[in-house]
Structure formats: structure tokens, C-alpha cells
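Asks: Residue numbers (my numbering), protein chains in the order written: chain X, 4 to 329; chain A, 68 to 493.
Among the hints, a few may not be true.
What the hints assert, rightly or not - Capping the alpha-carbon separation at 27 Å, the derived lysine-lysine pairs in DSS-like fashion look like this: (1) K326/X x K354/A; (2) K351/A x K315/X; (3) K326/X x K472/A; (4) K116/A x K472/A; (5) K472/A x K101/A; (6) K99/X x K341/A; (7) K471/A x K105/A; (8) K362/A x K315/X; (9) K354/A x K339/A; (10) K326/X x K315/X; (11) K105/A x K326/X; (12) K101/A x K315/X; (13) K326/X x K351/A; (14) K341/A x K362/A; (15) K99/X x K362/A; (16) K315/X x K116/A; (17) K341/A x K116/A; (18) K339/A x K99/X; (19) K105/A x K99/X; (20) K362/A x K339/A; (21) K354/A x K341/A.
None of these hints come from the bench; they were simulated from the model.
Given next are the chains, with one letter for each unit.
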Amino acid sequence: MSILNVNYAAILVDGLSFALPLLIIAIGGIYSERSGIVNLALEGLLGFGAFAGALFVASTVGLFATGSDLPMYLSFAFAALGGALFAVIHAVLCIKFMANQVISGVVINILSVALTGFLTSTINATFFGEASERFMLQTSPRWDIPFLMEIPIIGAAFTRVYPFMFIILIVATFFWYLLYKTKFGLRVRAAGDNPQALDAAGVNVSRVRFGAVVISGALAGIGGMSFAYSISTNFSPAIYMGYGFLAIAALIFGNWRIVPTFAACLVFGLTRSAAFQLLPVFDASAAVIDLAMTAPFVVTLLLLAFFGRSNKAPRALGELYDKSKR
Amino acid sequence: MTKNSGASPQDNQQQDHEPHDQRDPRHALNSLNKSLDKATRMVTQGLVKGFGNERWQSLTIPLLAIFLSLLTISVVILIFGNNPFDVFRGLLAGAGWWPKENYGGGQSQLTDLVGLATTLTPLLFGALGVVVALRAGLFNIGVAGQMILAAFLATVLVGYSDMTAWLARPLVFLIAIAVGALAGALIGFLKYRFNIHEVVSSIMLNNIFMLTVSYFITSSHQDPVSRNMRAASADARLLTEPVQLGEASARLPVGFLLALIMAFLLWFFLTKTKQGFEMTAVGKSPKAAQYAGIKIGRTVIVAMAISGAMGGLAGVTHYMASVPSIAPGVLPGVGFDAIAVAFLGNAHPLGAILASTLIATLVSGATYMSSIVGVRQEIAALITGMILLFTACGGYLRSWLDVKKRSLADANANTDDNATKGGDDA
């Protein structure tokens, strides 16, 4: 195999199909952190969201016509719901019970891994009568976009695309608009930068933060469901691959802003897919996949080392909102 | 604990036997309300009595968290149609705290306890690593990566040679400390020099270490049967020759005593030495520490190096004693359980001993419990998660108890017959 017959189209599509779920999870993180709540729970939220979506698919097998894509689309709604519900725990712990936000995030992650693992195998054994620790999903359809796919070079990005990529683009655009162009978005950003001012303006800081954390759970759930479809076509505890933390790195690298974060996600996605396609050229063993998978993590560290110093977190990030403080 | 759990059922009974006018529903509702008020007041009083003493709160609050999580888990177990007490007894029996129905050849309750100590050792080392970092205000979730890297290098460098046990085992410990310390110091360096948050960098390094090690295992050190890394020689492994324990025999974990000693050493270091004090000062307030002339960068890196060294020790005591060898592509769960242990133990080295005993009991009892009771063994991880969840609320509980204690004191200071009105403080 030579460097000439590497599948460059696959680098683009695979890169995007990894970058977009990462983006939507990172946008979730941005909402939470811009509102002042540290969110290390993204990993657990994306896993629980994917669990909820996959549980919906697994429990409605036979209700839909075979070959119907409807359960796939609905699974994203349920994933968002599941992620949002699980995020309520984080919101309650951080806002009502005034827990340390970092600890709470770690707790959510540990709890999510344990709970989904336990529930998946128990539900499989109790209700579906099989000893399995995964919920199978049907294969996602892949689309070729007419006309766009014929553009030279970048046209490759429009062949064999996953439907979830469009779902994510639409949702991401909506939440970009919500954060930067609406009153609610302004309040979220104020809650993280100057909660006292927001309070003085007569807005309930806790409620805004609660909403932002729940949104972060819903978005992480959508991202997790996308990973479940693109990486493995099933839900199993293998979904906890550290991508939630990669999303955190992306949003820190993107300076807690959505558009630069998108760029960071693209860098991760393309590095990953390029490593997958290019490394086998130099080393044909199967083990090399492991080495290829280190690529996004190494790149993250290097990028953070070179560009991370100028970053500025939201000013009230991680602080409990205390009315009496000025 | 007995005080308040006993109080509410008693109260409910009283309410059932109370003679009241059956024909007037409003009256019944009124008296129900009154007794509910009374019940909540008694529960509050009981809670304040049991947990209000600040001196013991670092012990009583985790106990309450454990009790609440067991209560929640019991409900989950009941929902799936099993008896919670069977599950808890199965967990205790599997870990050696309770006699099993019958034992296989060469096994006894004593060998189960030895097994528990073997499981506990890496957990305690890992937790000590997290504790040291926490004291310096750092959150080391890189224990898992430090474990896998140290165990891999120790196995390759010593485990595949034909050194005698007296040379090999100390060398394994030294390599673990050196490799772990370097891997930990790297996180501290990245934080100090490049301002990369330690949580982000340690997650990245976890994955980098795990995947790189797994590349080397699958490409050159794989056992063809188990698909795991080829195991180290018996002389390098951290288990003694089989020792006769009554009728049964077991291999004793070499690192167990070392882990206990290390916990006391770290306690001494953190509370009684200048270096340890500086570390705590940096953890409490970096700015104040800097003003006092403490070198922040050096303290951060040293703290992370010690933390990483503990992670390395956890690695060798796990992969070269507790389990046969490294499985490629998986981060050790111990590295994350260690975080739970550290929090549960109140970020205190000696608290970590108690907490690691509890978590190790859950981990090592799970398989036996599952085979006897038929509840999935993941329930053990779920219990750990729930304990952590309630522990995270500990701070809130403390302030709640404080408020209640004061309001109760106020109420008692008033006249005694006023007490019926005091019920609305729930």
C-alpha cells in the first residue's frame, strides 16, 4: 500500500462524523460552563443519553416497519431526554446541594458507567431474555448528497454522510443562535461572568444555571447517540472512551466560544481519521489502530500547550452563587 | 442512627392507634398533619443529635452516606425482585467477612480475606495518590494511566528476566515509583508551565498511555491464549509462595503492609512536616501561599510526582498480584475507584484505609454474590456510585445540620409548650 491510494474521501467523511458529535457535546459543555457550572460530567451524560436512546430502540423492535428509519430519529429525541434527565442530578448537586462541581462531575461519570452497565445487562436478562451487555441498533443509512458531492476535493465530504450529521448541524445552529442572539443566551453568559449583576437585574441565577446544565445534558445525549451509531452500531459500556473529556478539551481550546470550538473539533476529527487511514501505510499490523487512536489525544495536548495560555474561562466558573457576596 | 430510624415508625404507630372522630375527615386530616409534623420534627431532632457533633462529622457523615446509598440500592434490588439482605450478605461472604455456605478445595474464609487484602492494596495506593494531589488542590484522575504505564514497564524490564525474587520484587517497586512519579510530574509540569488543567491533561495522558501500551502488547508481548499481556515470572510477581493457613493455603500480597505503612507515612508527611504543610497551603490558597514565599510550581510538581508514584505502586500491585496481567485496550477500573475511595475517606490518608476496605469489599464480593443471588455484579459499582453521590452532598448536610441545630436550640430556649409550634421548620 502506498501513500497514493489512501482513501482521502474517507478521511474527510470520517473526520466530520467524529467532529460533529464532539461539537454538539462541546456546545453542551459551553452552555453549562458559560453559566458558571463546571461540567466534567459530559462523559457520563453522553453515555446515559446513548443508553436511553438505545433502550428506546431495543424496546420498540417490531413496533415499526422493518427498514424504517423512524426509530433512529426518535432515538435521538430519547437520547436528548435521557441526557437531560441525568444532567438534573448534576444541576441539583451543584446548585441545590452546593456540592463541589468537579467532584459532582466525577460522581456523575462513575454513576453513569455503573448504572448503564447494570441496567443494560439486567434489562437484557429480565425483559429480553438474553445474556448480553449491549443493546443492538440498526445500521444507520448513509446518504450521498446530490450536486454537492460532485464538487472537486471537498465534494468527498458529501458522500456517504450519516443523517445525524444534519441533525447535529441543525441543533448546533439553533443553540448557537440561542446563546448569542437571545435574551436567554445573554442570561446564561451573564450567569457565568457576573451573576451578581444578573441577580440585580431581577433574574433568578439558579434557574438560569439549572436550565443551562439541563441543556448540556440533552446536547451530550445527542452526541452520545451519534457515537453509538457511527462507531459501534450498538450501545455498550465501550461508549465511555473519553470523548466527553475530549469535548471539554475542545471547548477550552475554543475559549468557551462555539465557532472556535467547532474548529477544534474539526482538528481532532480530521487528525483521528487521517491517522486511521495513513498509519497502516507505514505499519501493516492490526495493532497500529491503537497507535492511531492516540492521535487526537496527543494533538489536544500539544495544541493546549501552545495555544492554551491565552485562554480565559468565564469569570464565575466553578463558584457557588452567593447572593451576599460582591 | 438507631435513634432517628426508630423514631418515625413509632410515631406512625401512635398515629394509627390514636382515637379520633371517624365522621369528621377534617379532624382526621388535622391530626394526621400534626403527627406528620411531629414525625419530621423527631427525625430532624434525631439527625441533629446523631450527626450534629462537628468533631465526629468526618466519620458520621460518610456513614450516613453509606447508609442512604444502601437504602437506595435496596429499593433498586427490590424492584428487580431480589432480597437486598441476600445481596449484602453475598457481598460480605464473597469478601471473606462472613462464612460462605461451602468452600472449594484449599479455600476458606481466611483465603477470602487474603484475597480481599490483595484487591485492597492497589486501591489503597491509588487512593493515597488521589489524596496527596487533592491536598495540594489538584485533582489527579490520571491514576489509571500511571498504573498501566508502570505495570507495563515493570513487567517488561523485570518480569521477563530471570532475576531471583529478592532482587526482582524490590526492583519492581522501584520502577513503579520512578515511572509513576515521572508520569505524575508531567501532569504537574503541564499545569504549571502551560496552564493545562490537570483534569484535561491526565485524561489525555490516560488514553495515550493506555493505547500505546496496548499497541506494544498486541504487537510484541501478547499471550496467544488469553490475548492479554504475557504474565511476569512468579519471582517478579508481588505474591508470596503459598502459605498454609489452617487447612487452606494462599499466596499473600507483598504490597499490603507497604500500602498501610505508606498511608501512615503520608499522614505524617502531610500533617507534620514543612513540605507537607506547604503543599496543603498551596491547595487551600495558592495566592496566599505564594505571598508567604512558597514556590507554587515546585510544590505542584512535587505533589503530582508523589501522587504519580502512588499510582505506579497501585499499578504493579494490581497487574502483578491482583490480576494476572494487563488486558490491552482497557483502563483499570481501580484507577477510578481510587477517586471514590479518596473522597469517601475525606481526602485523608488514614480515612483512605477505611474507605478502601469498604470499596474493596464491594469489588471482591461481587462475583460470589452474583453467582449465589443472581443479581448482576455491576450492582457493586452502582453501590460505589451511590455512596459517592451522597458523600458529595455531605457539605450541604453539614450546613443543614448546623442551621437545624441552632433553630432547635432556639426552640428549646423558648417555653416547652411552644414545642408543638416548632414543627413547621421542615
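Asks: Hint check: K362/A vs K339/A, CA-CA at most 27 Å. Holds or violated?
Replies: holds (19 Å)
Asks: Holds or violated: K354/A with K341/A, Cα cutoff 27 Å?
Replies: holds (18 Å)
Asks: What's the verdict on K341/A and K362/A, does the C-alpha distance respect the 27 Å limit or exceed it?
Replies: holds (13 Å)
Asks: Does K326/X pair with K354/A here, judged by a C-alpha cut-off of 27 Å?
Replies: holds (24 Å)
Asks: Are K315/X and K116/A close enough, with their CA atoms no more than 27 Å apart?
Replies: This hinted pair is violated, its Cα atoms lying about 46 Å apart.
Asks: For a C-alpha distance cap of 27 Å, please report whether K471/A and K105/A respect it.
Replies: Holds, at about 15 Å.
Asks: Is the Cα-Cα distance between K101/A and K315/X 27 Å or less?
Replies: violated (55 Å)
Asks: For the pair supplied as a hint, K99/X and K341/A, is the alpha-carbon distance within the 27 Å limit?
Replies: violated (38 Å)
Asks: Has the given pair, K339/A with K99/X, been kept, meaning a C-alpha gap of at most 27 Å?
Replies: Between K339/A and K99/X the Cα gap is close to 37 Å, so the pair fails against 27 Å, i.e. violated.
Asks: When you check the alpha-carbon spacing of K105/A and K326/X, does it fall within 27 Å?
Replies: With a Cα-Cα distance of about 33 Å, the restraint between K105/A and K326/X is violated, given a limit of 27 Å.
Asks: Tell me if the straight-line CA distance from K362/A to K315/X falls inside 27 Å.
Replies: Holds: K362/A and K315/X sit about 24 Å apart, inside 27 Å.
Asks: Are the Cα atoms of K326/X and K351/A separated by 27 Å or less?
Replies: holds (23 Å)
Checked against the numbered hints given earlier, this structure breaks hints 6, 11, 12, 15, 16, 17, 18; the rest are met.
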